[in-house]
Amino acid sequence: MSNVPAVVGTERVKRGMAEMLKGGVIMDVVNVEQAKIAEDAGAVAVMALERVPADIRAEGGVSRMSDPDMIDAIVAAVSIPVMAKARIGHFAEAQILQSLGVDYVDESEVLSPADYANHIDKWQFTVPFVCGATNLGEALRRLTEGAAMIRSKGEAGTGDVSNAVTHMRKILGQIRALTSMSKDELYVAAKELQAPYDLVKEVADAGRLPVVLFTAGGIATPADAALMMQLGADGVFVGSGIFKSGDPAKRADAIVQATMHFDSPDVVAKVSRGLGEAMVGINVADIPVHHRLEDRGW
Amino acid sequence: MTTPPRIGVLALQGDVREHESALSAVGADVVRVRSTEQLALVDGLVIPGGESTTMSKLALSTGLLEPLREARRSGMPMYGSCAGMIMLADRVTDARPDQETIGGLDITVRRNAFGRQVDSFETDIGIAGVGPDPVHAVFIRAPWVESAGPEVEVLGTIESGDDAGTIVAVRQGQLLATSFHPELTGDHRIHRMFVEIVRRSR
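Protein chains in written order, with UniProt numbering: chain A, 1 to 298; chain B, 1 to 202.
Keep in mind the hints are simulated off the structure, nothing from the lab.
Hints should not be assumed to be uniformly reliable.
Said to hold, decoys possible - Partial list, derived from the structure: chain B residues whose beta carbon lies under 7 Å from chain A:
hint : residue
1    : 49
2    : 58
3    : 200
Using N, Cα and C, we set each Cβ at its ideal position, and we do this for glycine too.
All chains, please: the whole structure from these sequences, using the hints.
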C-alpha cells in the first residue's frame, strides 16, 4: 500500500492532455448547436468563444473572453473536452475559465490583448494552456511561462492557409537547425531565439518540442488540413472555416477525415466532394499590417 | 531465437507515438493500424489514449469497427489505456448513447469518472503481475471501472483518498486495460506484460 497522495495540475497531466488530442481537430464554436455539430463530426475538442475570428475581424471592437453562461451550456452539452479563450495577459479571465471547469485555456491573439508586455504566468494554474507561436523562440518563451501545448498562429479568420504554412515551416525548420548544431553553437542559438538554454538544448536533443504542436489560423478545407498534417502538425484547430461555410456539418466531418487520413490523397479527394461553399477568404496580403493578429504576442 | 511479436497501435487518433516508443522499448515489432489490411498483419493490438467519442466514430466511419470486433472475438490480444479501456468495455456510462465499442471486457466503465481536466492527477498504484514496486499512474480525464464481471481479474485500484478502492486496471483473458497512461511515464512494465500476453498467444 503506497501513501503517495494524488497530485493535480502537474506538467505531465497538462502536457499529457494535449497528447490525447493528437491526430484530431479542435473546432471553434459559439453556441450549443455548433458544439453538438462539432462533436457529431468527430472533433476531439471544441473551443468556446463569443465570435469566430472572421466576425471579430469584420466587426472590429474589443474582443474578450466568452460569457460564462455560454461556456457552462457548452460544457453541459458535449462529452468531449471544452477549451476557451482568454486575452493575452488577462490572468483574471483565465482564473474565471479555470473556475468554470474548462479543460484547456487558449491565451489567444484572436482576442484583444490585455497586456502588451506580459503573458499570463501559466504555472499558477491547474488548468493547462495552449498558446500561439509564429516561430520557435516564441514557442519556447510560451513554454517557459508554463504553456502545455503550442499551436502555430497562422492568420485567423481569413481562410488563407499561407501564414499557417509559414509559421509551421518556420518552427519545424528552426528545430531541424538546432539538431545539427554543436553544443557551443546552442548557446548562441538560445540567445538568438531569446529562449532559455536548457529548453533549447532539450529541443535540440529530442528533435521536437517537448509538447504537442497543432496548427491554426486559416485552415478552411480538407486539403488545408492534410497539407498542415503533412508539414508536421500534430493536429488542427479550425476556427471560422467550418461554421462560416455553406454546409458546416459536412465540412466538419470532411476535415476530421482529412486530418486522420492526411497521407491518403484518395480519401482526402473523396471527402472534398460536395462540401458546398467554403468560407469567403481574405488574402493575408490584403490585410493592413496593423490589423494582422499574428503580430499580437511577443 | 524467436522473432519479436508484431504489435499494432490503432492509429485513428490519440497518443499513438508514446505507445509505439513503449512497445519498441520492450522488444516488440511495432506498426500503425488504420486499415483492415494492417490489422490482419499483427499479433496483438494497443488502443491508445485519446478521445473515445472521436475514436469510436472514426472506427465506425473507416469501417474498422467490425474487423476489430472480429479480431477480438478470434482471440487477438488487445490492450487499451484510458480511451482504449473504454473501447474494450462491454458497457459505457456517461457517454453519448450512440458510442460504439469493440467490447470483450465484461466491465462497465464510466467516462471522465474522476472529473474534468482540472481534476486530472498522478499517483502511485500497486499493479498485480508487474512486481512489488508501485506503478506511477497518470490519469487524464480518466474513466474508471464501475463494475466487473466474474471473469475479470482486477489488477489495480486507487489506494488512498476519496476514490480509494476504485478499479483502474483489469485483465480478462487476452484483454488488458488501464484507466491511466503508462505510455507517458517511461515505466514499461505494463507494456512488457502485454507483450508477454501476445507472445504466449502465438
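Hints versus structure:
1. Look at residue 49 of chain B: its Cβ gets to within about 5 Å of chain A, closer than 7 Å, so that hint holds up.
2. The interface hint given for residue 58 of chain B holds, since its Cβ lies 6 Å from the closest Cβ of chain A, which is under the 7 Å cut-off.
3. Annotation: interface hint on residue 200 of chain B violated; nearest CB of chain A at approximately 29 Å, more than 7 Å.
Violated hints amount to a single one, hint 3; each of the other numbered hints is respected by the structure.
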